[in-house]
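Asks: Chains A, B, C and D, in that order, are what the protein sequence lines are.
Going letter by letter, the first sequence gives residues 0 to 324 in numbering that gives the first Met the number 0.
Going letter by letter, the second sequence gives residues 0 to 324 in numbering that gives the first Met the number 0.
Going letter by letter, the third sequence gives residues 0 to 319 in numbering that gives the first Met the number 0.
Going letter by letter, the fourth sequence gives residues 0 to 319 in numbering that gives the first Met the number 0.
It cannot be assumed that every hint is accurate.
Below, simulated DSS-like cross-link-like pairs (lysine-lysine); rule was C-alpha separation at most 30 Å, straight line [as the list claims (entries may be wrong)]:
id : chain 1 : residue 1 : chain 2 : residue 2
1  : D       : Lys264    : D       : Lys8
2  : A       : Lys2      : A       : Lys252
3  : D       : Lys8      : A       : Lys314
4  : D       : Lys220    : A       : Lys39
5  : A       : Lys318    : A       : Lys198
6  : D       : Lys255    : D       : Lys220
7  : A       : Lys253    : A       : Lys318
8  : A       : Lys252    : B       : Lys159
9  : A       : Lys307    : A       : Lys252
10 : A       : Lys225    : A       : Lys2
11 : B       : Lys32     : D       : Lys165
12 : C       : Lys135    : B       : Lys307
13 : D       : Lys6      : D       : Lys165
14 : D       : Lys289    : B       : Lys32
15 : B       : Lys249    : B       : Lys221
16 : D       : Lys132    : B       : Lys159
17 : C       : Lys25     : A       : Lys32
18 : D       : Lys165    : B       : Lys39
Okay, the calculated beta carbon distance ranges per label pair [claimed, not checked]:
id : chain 1 : residue 1 : chain 2 : residue 2 : range
19 : C       : Tyr307    : A       : Pro191    : 58 to 64 Å
20 : A       : Ile14     : C       : Phe277    : 56 to 62 Å
21 : D       : Gly76     : A       : Asp20     : 55 to 61 Å
Below, a sample of chain D positions facing chain C; criterion: calculated Cβ distance under 10 Å [claimed, not checked]:
id : residue
22 : Tyr30
23 : Gly118
24 : Gly152
25 : His155
26 : Ser184
27 : Ile185
28 : Asn188
29 : Val197
30 : Ala198
31 : Ile201
32 : Val204
33 : Ser205
34 : Asp207
35 : Pro310
36 : Leu314
By construction, these hints were calculated from the structure, which means they are not laboratory data.
Note that this is a predicted model, so its numbers are computed, not measured.
Glycine included, C-beta positions come from ideal geometry on N, C-alpha and C.
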Amino acid sequence: MRKITYRDALREALIEEMHRDASVFLLGEDIGKYWGGAFKVTDGLAQEFGEERVRDTPISESAIVGTAVGAAITGMRPVAEIMFGDLTALAMDQIANQAAKIRYMFGAQAKCPMVVRTPFGAGVNIASHHSQSLEAWFMHVPGLYVAVPSTPFDAKGLLKTAIRGDNPVLLCEHKLLYPLEGEVPQDDYTVPFGVADVKREGSDVTVVAVLFMVHKALNAAKELEKDGAISVEVVDPRTLTPLDRRGIIKSVKKTGRIVIVTEDCRTAGVSAEIAAVVAEEALDYLDAPVKRVAEPDTPIPFSPPLEKYVIPDEKSIIKAVKEVV
Amino acid sequence: MRKITYRDALREALIEEMHRDASVFLLGEDIGKYWGGAFKVTDGLAQEFGEERVRDTPISESAIVGTAVGAAITGMRPVAEIMFGDLTALAMDQIANQAAKIRYMFGAQAKCPMVVRTPFGAGVNIASHHSQSLEAWFMHVPGLYVAVPSTPFDAKGLLKTAIRGDNPVLLCEHKLLYPLEGEVPQDDYTVPFGVADVKREGSDVTVVAVLFMVHKALNAAKELEKDGAISVEVVDPRTLTPLDRRGIIKSVKKTGRIVIVTEDCRTAGVSAEIAAVVAEEALDYLDAPVKRVAEPDTPIPFSPPLEKYVIPDEKSIIKAVKEVV
Amino acid sequence: MTTDLPKEKLVEMYQKMLQIRGFEEKLFELYSQNLVPGTIHLYAGEEAVAVGVCSSLRKEDYITSTHRGHGHCIAKGADLKRTMAEILGKKTGYCKGKGGSMHIADFSIGMLGATAVVGAGLPIAVGAGLSVKLRKTDQIVACFFGEGASNQGTFHESLNMASIWKLPVVFVCENNLYAMGTRQSIAMNIENIADRAVAYGIPGVSVDGNDVLAVYETACKASERARGGEGPTLIECKTYRHRGHSRVDPARYRPKDEVAEWLSKDPIKRFRDKLLRFGVVEGEIQAVEKEVSLQIEEAVRFAMESPYPQPEEALEDVYA
Amino acid sequence: MTTDLPKEKLVEMYQKMLQIRGFEEKLFELYSQNLVPGTIHLYAGEEAVAVGVCSSLRKEDYITSTHRGHGHCIAKGADLKRTMAEILGKKTGYCKGKGGSMHIADFSIGMLGATAVVGAGLPIAVGAGLSVKLRKTDQIVACFFGEGASNQGTFHESLNMASIWKLPVVFVCENNLYAMGTRQSIAMNIENIADRAVAYGIPGVSVDGNDVLAVYETACKASERARGGEGPTLIECKTYRHRGHSRVDPARYRPKDEVAEWLSKDPIKRFRDKLLRFGVVEGEIQAVEKEVSLQIEEAVRFAMESPYPQPEEALEDVYA
Ligand SMILES: Cc1ncc(C[n+]2csc(CCOP(=O)(O)OP(=O)(O)O)c2C)c(N)n1
Ligand SMILES: Cc1ncc(C[n+]2csc(CCOP(=O)(O)OP(=O)(O)O)c2C)c(N)n1
Ligand SMILES: [Mg+2]
Ligand SMILES: [Mg+2]
């Protein structure tokens with residue numbers, strides 16, 4: 000199968016959906032013809048679809064998302080880009096209090112089919128305001144879906160599902176994934192929400208990982224196989240809401256052990272919820288304590304040795320796995 | 000000992016600290032002489048300390064918190080009020096990206112001694128935009144402390160600690176607690192951060208609860224004692240950051256069972272972190288799965304029977320306890 | 000002052016104003032009897048704004064609303080019964096009891112709902128305007144908000160965005176002088192909110208918000224401008240709420256003579272006098288008044304007799 | 000144009016401008032050699048703004064800054080060595096390597112730090128102003144931000160708050176015509192950001208931001224007003240960045256002739272010519288230029304030779 004990058008996979012999804020459905024349009028800062036998005040995901044789209052449908056906005060995160068909400072409840076399917084995930088903080092009210100609640104508050108009179116795309120993640124030395132992973136905030140917002148594609152295939156398929164669905168979705172991308180290549184079919188396909196993907200089968204320990212951490216987990220798994228002959232199963236939830244609890248538990252029942260690897264800071268992060276699910280629903284199958292591998296509870300520092308120190312890596316995953324096996 | 004309300008305990012803390020330290024001042028919407036705060040916590044304070052130190056603001060949550068940040072890093076000790084906890088979403092950037100990170104980003108050149116007081120919680124039929132419990136978002140913000148007083152004693156003591164400390168603190172209050180009476184010493188005292196309080200000793204099961212849920216847990220404990228002779232230990236963390244993990248684990252080691260009761264919605268909530276801590280650090284002591292009692296993953300509905308249905312109550316706590324014992 | 004409006008339109012406007020007033024006064028009563036859960040923010044005194052603006056709209060046009068939303072709802076044509084039922088938390092209410100007073104909505108008439116986060120409705124109105132533009136219909140959007148809301152960041156971002164994209168949005172600032180207990184002069188350093196339009200390169204107009212015809216005419220101009228693709232307008236309607244901010248507020252922060260002065264400018268009383276001068280006869284007016292009071296009674300009866308939702312319904316409608 | 004300023008002050012201003020330019024050009028070079036981690040937003044071309052404004056301030060006055068903050072830092076009097084070390088991620092940097100280019104700060108000279116969230120510095124400046132007022136010192140605060148930031152909600156909320164409380168804040172909008180690739184006209188429907196002052200009842204002034212003396216004089220007036228307790232001013236400085244938005248941006252969205260025109264208005268070149276006309280002799284100017292280039296070399300050497308922080312230091316400084 001042909002290989003394309005995560006960035007191109009996202010772009011293809013946008014292009015195909017915009018061709019398929021005239022109600023899909025894009026808005027965000029510098030997504031248009033002069034820049035094509037800070038990470039170039041929308042490069043060329045303004046040229047292809049015009050500036051009405053690929054809309055450069057002022058620096059007004061709150062109004063970007065709010066505008067998407069207003070458009071969504073009146074028949075459109077907006078895809079908003081927030082240039083950096085950290086900046087979702089500026090739009091938190093529109094995301095969590097408006098987009099996510101509008102259907103419920105109004106007794107299902109409205110639907111709010113919109114997507115907010117945003118890149119999370121550290122690793123490029125751009126410090127505390129441009130490097131966070133904040134998925135957990137949004138898992139704690141009923142009414143919102145949260146997708147976390149780790150491969151080009153998932154990126155395209157999940158974004159299509161997000162656009163076609165009738166609910167607001169936060170699509171979490173990752174800065175380091177954009178250049179990553181992977182197989183993506185030419186034909187139209189979608190990836191369903193709420194279905195975890197076993198990215199690698201194994202029998203000794205379940206490693207649940209999201210976004211860029213999936214790849215570090217896969218590397219670690221390879222290493223561990225060679226090394227101490229530990230067989231690691233890598234499970235990628237692909238969406239955090241809905242969370243495929245059954246899929247995760249199924250794997251834990253098989254392996255009896257779980258290590259959860261996420262890039263957000265440890266306390267009250269994504270891994271906390273997954274750990275809690277296991278502690279509630281699969282405790283009897285556990286042969287060892289649950290392990291979380293995550294960033295320590297600090298902001299992301301700038302200097303390369305500091306940043307490297309806080310981001311979970313293969314070594315920390317291997318160490319955690321060895322501790323539970 | 001004299002009894003005063005939670006509201007008065009908070010007010011006393013503010014008054015005493017303002018007398019003690021001229022750098023303490025208050026700002027917020029309608030906290031001044033015309034209203035005294037939506038929940039009357041600051042009633043009379045503008046009259047006592049003047050409008051310079053008890054400052055009514057425009058409806059500008061982001062600037063309220065940002066102003067507090069700017070004042071804090073230049074020598075003052077602001078206490079900001081956000082009228083409803085749901086509205087912290089509007090100030091999320093200033094809380095999470097500015098206040099909490101300013102010390103770290105700037106290499107400890109600054110300190111940011113400020114408090115944001117805000118009421119969370121449902122139960123008075125004011126629907127989706129005025130009823131949430133969003134503590135978990137803030138637990139996921141390194142650099143910020145999160146206090147959750149459940150009694151007048153804790154309210155006064157924790158608020159004093161918050162004001163005197165050199166870090167930003169979110170003080171989570173609860174709408175239904177304001178009229179609650181409890182013993183509060185006349186003398187100056189503080190309640191330390193990071194020290195859980197065993198609100199009731201017991202031996203069969205640990206119930207960790209926060210804010211208003213502490214009282215429901217205590218009621219349930221009484222019921223259970225009568226009823227099936229189950230002895231419940233109720234642990235109140237009092238601060239979520241820092242979280243007294245040792246205190247919680249100590250209790251779990253004793254009882255072998257844990258039920259976590261919080262009013263936020265279940266997924267990725269406060270209870271997830273506590274469950275994760277136990278699953279990581281005390282798994283071997285558990286005789287039963289961890290249990291979370293929390294709100295279902297919905298916005299808070301308006302109508303009384305609907306709202307009542309989603310808020311955890313004594314019955315749901317008793318049920319959960321019985322399931323693990 | 001004269002008017003070119005047909006008598007039927009005038010009477011219809013009067014009727015709507017009466018409906019709002021009657022509805023609010025009845026709610027006040029029900030609240031005192033503990034029949035209204037939660038809180039309510041009454042619109043009494045500001046009827047000329049909602050009715051003046053909504054009378055300039057078509058059915059398919061949109062409005063966005065606030066915590067003080069009953070008036071907007073009724074003016075846009077919502078059913079009194081279902082509105083009342085919602086505020087009482089009943090299953091027959093517009094939002095099946097999930098929303099209540101602060102989240103009233105009727106999408107079937109373009110009433111896109113009330114948000115209780117002050118200022119949060121503005122970007123949503125901008126989005127509706129953008130949607131109209133992209134769908135190439137000739138709808139417009141009227142966006143209601145208070146003078147207090149005009150200090151929110153969303154006000155700024157929204158007016159700017161609507162301006163650069165020339166969206167068909169009419170921003171209607173209901174300046175009732177107070178945001179809760181905070182007088183305008185405490186919260187901003189200008190007299191006229193309309194002056195803020197300068198910052199966005201759009202027209203800003205202040206109008207007597209207790210004169211329904213003045214509001215109507217101003218709104219018509221703004222609506223035409225919007226429908227004509229010329230972009231948004233900021234209209235400031237100077238008005239006053241008759242009661243406290245919310246049901247429990249005695250509003251002691253308002254000077255007595257200020258209250259008295261504004262009560263004497265009651266928009267309903269003024270419009271009634273005008274109607275007589277325009278040749279509507281007393282009998283006709285009284286007939287409308289009678290009809291409205293029956294409608295309100297009926298709404299109350301309907302709401303009171305309606306069942307509450309089943310508790311488990313709380314779990315429905317989170318996702319589509 | 001003449002000036003009453005003493006020659007030393009003029010030369011000092013020239014020196015600061017040169018320091019900024021030299022610093023930025025050197026950084027550009029280091030970046031190309033892969034010696035600068037992350038990204039950088041260069042200030043070259045806008046020196047007259049930072050220097051004009053900061054020259055009107057006292058040491059104990061405060062400034063807040065942005066992602067494009069090196070210039071503000073240097074103009075306020077920061078040490079070139081520690082600034083450079085921070086941008087290179089070294090332990091000897093102002094923030095011990097934790098902040099980097101986008102979070103540079105020097106609290107010892109009242110430089111309250113750069114925030115990389117566009118617009119987030121404005122309320123912080125307001126808070127510093129409020130602090131001054133409550134502590135009853137005679138400090139003032141200069142708050143730098145771009146024209147792009149003036150579309151953020153925080154701009155609106157902050158100017159409003161500073162106005163009602165008459166805070167000693169000078170809001171300095173660096174209008175360099177672009178926010179990343181977005182031309183001002185795409186993002187707002189007005190020509191002069193200064194016009195937005197009307198919405199807050201404060202003075203708004205537009206000034207040639209490439210003329211350091213014009214900026215200085217405007218800033219002096221605003222500073223006096225602030226120090227005198229009369230409240231904030233909004234100053235808009237029309238300027239232009241010589242390079243792309245950030246280090247990797249070729250800035251193809253800017254018309255060539257526009258770039259050429261602005262390059263011809265280089266604030267340093269213009270000020271140099273003026274200095275000569277004011278009677279500063281060529282030799283004196285060259286001496287300054289030489290000195291500055293030595294300072295830059297020294298800063299680079301210091302930064303390059305400084306150690307990186309130890310990895311575990313990442314865990315420090317989260318709480319006080
Ligand atoms: C963002 C936000 N801040 C504060 C509140 C609490 N609150 C509800 S209504 C109100 C006053 C609003 O004033 P204004 O916009 O003038 O509208 P009015 O009530 O006068 O109609 C406030 C502060 C809120 N609901 N939302
Ligand atoms: C809130 C926010 N939105 C977007 C960005 C990404 N970003 C960084 S700089 C910038 C442009 C800022 O433009 P302006 O305020 O004019 O300052 P300039 O870069 O021109 O100096 C943008 C969009 C950000 N850092 N913060
Ligand atoms: Mg008002
Ligand atoms: Mg700019």
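Asks: Which numbered hints turn out to be false for this structure?
Replies: Of the numbered hints given earlier, those the structure breaks are 2, 3, 4, 6, 8, 9, 12, 13, 14, 17, 19, 22, 32, 33, 34, 35 and 36, listed in rising order.
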